[in-house]
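Q: Below are the chains, spelled out letter by letter.
Protein chains: 2
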Amino acid sequence: MEKIRRVERVVALTKLLVDRPYYLFPLGHFSDLFGIAKSTLSEDLLSVKNALKQFGLGALETVAGAAGGVRFIPFREGLQANGILEEISTRLATPDRIIAGGFLYMSDILFDWHLVVQLGEIFMTRFAHAEPDYIMTVETKGIPLAMMVARAFNKPLVIVRRGSKVTEGSAVSINYVTGSSKRIQTMSLPKRAIHPGSKVLVIDDFMKAGGTARGMIDLANEVGGIVVGTGVLVATAQPQPKLVDDFMTLLILDEVDEHTKKVTIRPVLDGLR
Amino acid sequence: MEKIRRVERVVALTKLLVDRPYYLFPLGHFSDLFGIAKSTLSEDLLSVKNALKQFGLGALETVAGAAGGVRFIPFREGLQANGILEEISTRLATPDRIIAGGFLYMSDILFDWHLVVQLGEIFMTRFAHAEPDYIMTVETKGIPLAMMVARAFNKPLVIVRRGSKVTEGSAVSINYVTGSSKRIQTMSLPKRAIHPGSKVLVIDDFMKAGGTARGMIDLANEVGGIVVGTGVLVATAQPQPKLVDDFMTLLILDEVDEHTKKVTIRPVLDGLR
Chain A
1 MEKIRRVERV VALTKLLVDR PYYLFPLGHF SDLFGIAKST LSEDLLSVKN
51 ALKQFGLGAL ETVAGAAGGV RFIPFREGLQ ANGILEEIST RLATPDRIIA
101 GGFLYMSDIL FDWHLVVQLG EIFMTRFAHA EPDYIMTVET KGIPLAMMVA
151 RAFNKPLVIV RRGSKVTEGS AVSINYVTGS SKRIQTMSLP KRAIHPGSKV
201 LVIDDFMKAG GTARGMIDLA NEVGGIVVGT GVLVATAQPQ PKLVDDFMTL
251 LILDEVDEHT KKVTIRPVLD GLR
Chain B
1 MEKIRRVERV VALTKLLVDR PYYLFPLGHF SDLFGIAKST LSEDLLSVKN
51 ALKQFGLGAL ETVAGAAGGV RFIPFREGLQ ANGILEEIST RLATPDRIIA
101 GGFLYMSDIL FDWHLVVQLG EIFMTRFAHA EPDYIMTVET KGIPLAMMVA
151 RAFNKPLVIV RRGSKVTEGS AVSINYVTGS SKRIQTMSLP KRAIHPGSKV
201 LVIDDFMKAG GTARGMIDLA NEVGGIVVGT GVLVATAQPQ PKLVDDFMTL
251 LILDEVDEHT KKVTIRPVLD GLR
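So the sequence lines, in the order shown, correspond to chains A and B. Here full-length UniProt numbering is used: the first residue of the first sequence is 1, the next is one more, and so on. Here full-length UniProt numbering is used: the first residue of the second sequence is 1, the next is one more, and so on.
With the rest of the complex left out, here is chain A (with noise of 0.2 Å):
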């Protein structure tokens, strides 16, 4: 292979980092790949530890030691992080977004794969001190949103289904009551889907009274997880207090008037916490 110019070496640097959020990368797998010294790949990694951190695109972290190496973390915070959350509000408060019965359609921005990545460093930054080992959510319009989540921290997404599919073997369940709607609903986890002891986040696009989360908490416990969290990308102001104690959202929706067609929703700001 002829040789490579450092600039050409720090570009492919950069994408395999970016890439892979939170995984450690061996000191020895990028000097053989490149054919470097490591006192030289240290050079390089500096280089992309300033640009990261200059641009405001994420902090490099070096690991020291044998099982050391190399990672990225995609922070988004501060203004970064408040300019996302204050577009979503702004495109969720618009009258044709009203559906009967007070919901909003939210559909486009869940599935809005750029978004929701950053959604998901939102998430993992307010979230890194509580170290998940695995990122729960519940079927259907959570699932891309908790999956970035879980792309942030470099962890396992398990999913949460409605009633128990034949397809993934067997299964808990529990039944939970909707806060909303007060009917009795089940919910069903694989028995395989976590290790017990294990740190489990909960990830959910809407909290309305907090049965859904309220269950999930419960379903978490009973296979053996301890929940360390939970968040979700809105939360209506009202019921209080909820099904679930301690939770984190990201956007409050404080009305939604059918009559009017008016839409009150707010994001919780970074820095204003």
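Hints should not be assumed to be uniformly reliable.
Claimed, not checked - Rough simulated footprint, nothing fancy, chain B against chain A, three-plus residues with beta-carbon under 8 Å:
| # | region |
| --- | --- |
| 1 | 12-21 |
| 2 | 86-93 |
| 3 | 141-151 |
| 4 | 155-162 |
| 5 | 246-260 |
As the list claims (entries may be wrong) - Residues on chain A that point at chain B, a partial pick, calculated with CB under 10 Å:
| # | residue |
| --- | --- |
| 6 | VAL7 |
| 7 | ARG9 |
| 8 | GLY58 |
Simulated from the structure, these hints should not be mistaken for lab results. Each residue gets a CB set at the ideal place from its N, CA and C atoms; glycine is no exception.
Mind docking chain B on chain A? Use the hints.
A: Okay, now just chain B, sitting in the frame of chain A:
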């Protein structure tokens, strides 16, 4: 702002480009961001392009003209694609994945975001000629996969629901017959999900008789879409023919033998198609 060194500029450029596959950045966006002339930017872009090509990390495409710019295309083909498909094939061919009824447990693979990102790029590479406007799938397990195909194409994801859910407004519903169990089921799509005349790529995780894919194709036609392709991760070798004439699968499941606990599955490799 202090003067930005070339190597750091190239790091930021790489990160911003690879974060948004297929998104056309106007050249002015980057020359403004870095405070450099377009000629300097062109040199930087050439370095990024060469490095990505040299390491098999995708392509950089420059579009000329007033509406032009530069975009990253995450091609994943040849040996790299084959390696991923062979890995999945090996992982799926283990006896403990067999579930009563001859099904295979696949959720861990379908919810492994890093694997699914790469699968999305393989689907994109194989369907690039089809130039879809939307990626369509049906809940639940195929959603992450379809989302990553949507990411690789930079196109919106449309999710067909089983039944008709209140929170998505007025919807078109169809009945379809599952090819394997011959049951009549309903699936539906919000009317506003697709613009009439748009090209739709249907993606699903598994195909046996093809009834579900057939239903999605009919539903896409029903709302005025034009289906330009159908892709699945795993298709069973039998029954033949399927209810869908023309589809592309990444893996072929020849047999699941519940008695001998043997799974026979093989990847559809690049160069062998």
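Q: Quick check: the region 246-260 of chain A, covered by chain B? Criterion 3+ residues, Cβ under 8 Å.
A: As far as the region 246-260 of chain A goes, the hint is violated, because 0 residues have Cβ atoms under 8 Å from chain B.
Q: Less than 10 Å between beta-carbons is the criterion; does VAL7(A) satisfy it with respect to chain B?
A: 5 Å, holds
Q: Take the shortest C-beta to C-beta distance between ARG9(A) and chain B; is it under 10 Å?
A: With Cβ-Cβ at 7 Å, under 10 Å, it holds.
Q: Are there at least three residues in the region 141-151 of chain A whose beta carbon sits under 8 Å from a beta carbon of chain B?
A: This one holds; 7 residues, not fewer than the three required, reach chain B with a Cβ under 8 Å.
Q: Are GLY58(A) and chain B close enough, Cβ to Cβ, to be under 10 Å, as the hint says?
A: 8 Å, holds
Q: Are three or more residues of the region 155-162 of chain A within 8 Å, CB to CB, of chain B?
A: It holds, with 5 qualifying residues against the three required.
Q: If you count the residues of the region 12-21 of chain A with a beta-carbon closer than 8 Å to a beta-carbon of chain B, do you get 3 or more?
A: Holds: 7 residues of the region 12-21 of chain A have a Cβ under 8 Å from chain B.
Q: Given that the region 86-93 of chain A was listed as covered by chain B, double-check it with a C-beta distance under 8 Å for 3 or more residues.
A: Since three or more residues must qualify, the claim that chain B covers the region 86-93 of chain A is violated, with 0 doing so at under 8 Å.
Against the hints set out earlier in the document, violations occur for numbers 2, 5.
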